[in-house]
Amino acid sequence: MLDIAVAYNRYKFLGNEFLTWLWFMIETDQNRLHRYDPDLVALNIGSRLVLENTRNNAKETITIKGEDANLEEGLLSLKKGAVVTEIHLSYKSGAQHWQFSLKGESLNISNLKMPETGPVETPEDLEGAVIEKAYLMKKVIGLVNNLFSHFVKLRVSDEWRNQTVSRIRKWASS
Amino acid sequence: MGLLSSRISITRYKVSGQLDGSVHETVYQKLKQHAMPKIEEDGSEAIVGWTSFENPYAPNFEGYSFVFGAYMVFAMRIDKKSIPPKLIQKHYALEIAKHLADTGRHFLSGNKKKAVKEHVVNTLNRRIPATPNVYDLAWHYQEASLWFFSNLKSANEAFETFFIKSFGLQLIRLFPYTTADLIAGLSSGERDLLLKLAPSQSEE
Numbered sequence: 021m022l023d024i025a026v027a028y029n030r031y032k033f034l035g036n037e038f039l040t041w042l043w044f045m046i047e048t049d050q051n052r053l054h055r056y057d058p059d060l061v062a063l064n065i066g067s068r069l070v071l072e073n074t075r076n077n078a079k080e081t082i083t084i085k086g087e088d089a090n091l092e093e094g095l096l097s098l099k100k101g102a103v104v105t106e107i108h109l110s111y112k113s114g115a116q117h118w119q120f121s122l123k124g125e126s127l128n129i130s131n132l133k134m135p136e137t138g139p140v141e142t143p144e145d146l147e148g149a150v151i152e153k154a155y156l157m158k159k160v161i162g163l164v165n166n167l168f169s170h171f172v173k174l175r176v177s178d179e180w181r182n183q184t185v186s187r188i189r190k191w192a193s194s
Numbered sequence: 534m535g536l537l538s539s540r541i542s543i544t545r546y547k548v549s550g551q552l553d554g555s556v557h558e559t560v561y562q563k564l565k566q567h568a569m570p571k572i573e574e575d576g577s578e579a580i581v582g583w584t585s586f587e588n589p590y591a592p593n594f595e596g597y598s599f600v601f602g603a604y605m606v607f608a609m610r611i612d613k614k615s616i617p618p619k620l621i622q623k624h625y626a627l628e629i630a631k632h633l634a635d636t637g638r639h640f641l642s643g644n645k646k647k648a649v650k651e652h653v654v655n656t657l658n659r660r661i662p663a664t665p666n667v668y669d670l671a672w673h674y675q676e677a678s679l680w681f682f683s684n685l686k687s688a689n690e691a692f693e694t695f696f697i698k699s700f701g702l703q704l705i706r707l708f709p710y711t712t713a714d715l716i717a718g719l720s721s722g723e724r725d726l727l728l729k730l731a732p733s734q735s736e737e
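Going line by line, the protein sequences match chains Z and R.
Under this note's numbering, think of the first position of the first sequence as 21, with each following residue one higher.
Under this note's numbering, think of the first position of the second sequence as 534, with each following residue one higher.
Isolated chain R (complex conformation) (with noise of 0.2 Å):
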């Protein structure tokens, strides 16, 4: 989901927390150490990286390219590879029988049988390439607000996670309950209120 996009999907976060130094400087070393590599090397199931909202498969950041007024935006992408578990099966009892052969036995234990289901994945993870998924965000610093392009559970769950991992910062979701808290700017009293609502169906 981006920025850009004729329809755009956005989870409203505030940013608690500062940066220490220079924030542009900053952001770009983060980035730069928590970059998507460019070679997919290892057989990771997923991989998930900073990368620029302009060109998503090329990252850089240099210049402070991430830079737009008082917007910092750039992107989390997370390469997936996804193994149809029908291709695993075949490979499973492909390499079963090649052991059986192999030995001349004709039954292997439970450890041994686990231990070819993880070699058969592992090798299917390398062989098979990561589908890239692209979520763009902006950061207005100044504000500690943050809005992140997608609404998407496990992608918002991926990019708390990574961007505390980065950043230090801890992220505060914007939902009822905290926007009512951080936001609507309620008096001390009116926030002990909101402590006690209850719906008000049942307050019949």
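Bound conformation, chain Z alone (with noise of 0.2 Å):
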């Protein structure tokens, strides 16, 4: 394995390029998603998407903000070279709906508002809301892992090269 400072900034395009993938995936195959998570009911864009693009020497932040925002200005960006660096999901699962914010260099999770649990009440509640929580963000958690999985197994194949990043180019174009 490579040296853990050094693998976090030379694959940090990774995780750009995984949300930029998710949200091409998000608007043109929610099929394909169904199929990654059987479980999945909607996963869509949230209220916040962060594109950034390094090309030209230059560095360009584009937030958009805002729930049913539209996103018009975040295609335009993608197709000159930017790459989504953050963005705000909504996750439905069975009743249950989740909102959380993914940054691309790193995963983390922030901002995750889970569905809602019993109060805690008295101490023997607590073992059970702990117990409960954990299980919603494992649930959080796999479909990220689950994602990105996909996502690294299509990216060092040759689908990517030879379909994907053309399909994403079309999108972004359309």
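Read the hints as simulated data drawn from the structure, not as lab findings.
Nothing here was measured: the structure is a model prediction, and the numbers come from that model.
No false leads were slipped in.
Cβ-Cβ distance ranges computed for the label pairs, FRET-style:
1) R:Asn593 <-> Z:Asn77: 54 to 62 Å
2) Z:Asn29 <-> R:Ser720: 20 to 28 Å
3) R:Asn593 <-> Z:Trp191: 50 to 58 Å
4) R:Gln675 <-> Z:Gly138: 25 to 33 Å
5) Z:Ser194 <-> R:Glu690: 38 to 46 Å
Once the Cα atoms are required to be at most 25 Å apart in a straight line, the calculated SDA-like pairs of lysine to any residue come out as:
6) R:Lys547 <-> Z:Leu22
7) Z:Lys158 <-> R:Gln703
8) Z:Lys133 <-> R:Gly602
9) R:Lys565 <-> Z:Leu146
10) Z:Lys133 <-> R:Ser542
11) Z:Lys158 <-> R:Gln675
12) Z:Lys85 <-> R:Ser542
Note that CB positions come from ideal geometry on N, CA and C, so glycine has one too.
Hints in hand, dock the two standalone chains.
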């Protein structure tokens, strides 16, 4: 395995490309996402999308905020060579709903809002609450791991170079 | 950032290595050994220690109270003293004036000034209470996975150092490369391709 600090910086691009691919998949191929996660009811872009363009030796950051925001400016940035560096997602599985942000360079989860759990009123409630929270967190972490694993397998395959990149470009230009 | 907060941040780790003997007993002993001291007796700028998740200001791990099903849940507490620079400046000036008056001299050497400043900082550190910061974590020993409930760089770095010191186990932070290498289930051929991967833009 590579040195951890070197690997973190060298592979930031992989996380950003993952988020870019994820946005593309959400918009164009929900069926495949359902195949990746059979429990998935819906996965959508939430209230924030951050893109970064580092082409031409300049760094340009585009942040799109707000519920049901128009993402056209993001598509325009993609067309110019930007990648998604942060995404806010809305995830529904069964009757439950999660919202969270995912950062490309670290794959860190932040601002995770989970389905409601019962109140903790007595010390006896605590154990159940912790186990329930852990289960709900594991669902989100499992989703991220699952999607990222499919992405990485695609990313190292010929399919990525021969088909996926041009499909993403076509979508961004549509 | 707490496990039961309404909004949570998670940094994911893989734990490398195994503990000797009974897991719960070993963790209990290590938590006790490296627990947050109850009395702030010294002038240290920062103290790090393990504490209970459910009661972070009175650490108690008796009866394996940190075990919740398959998870071990506890917290790292960092008590940090933060002295405003202007306060140091004021006490330093007063102390220098006192030294000059006591000795009848007109100036102090560089070394003496340094010693006076250290004395002032230590004295203020003893008088000023530390601000506690508590970071929960959940460790699934069987799955060798650990969730640390903060994305703060300084907190994660302090946690990684303190965890290794306490338990003698390495933590591998899960970011794109390590997730691809350890979680994605790549074949050895795919792993080789991963090592050669470059950003798509530069491949055009």
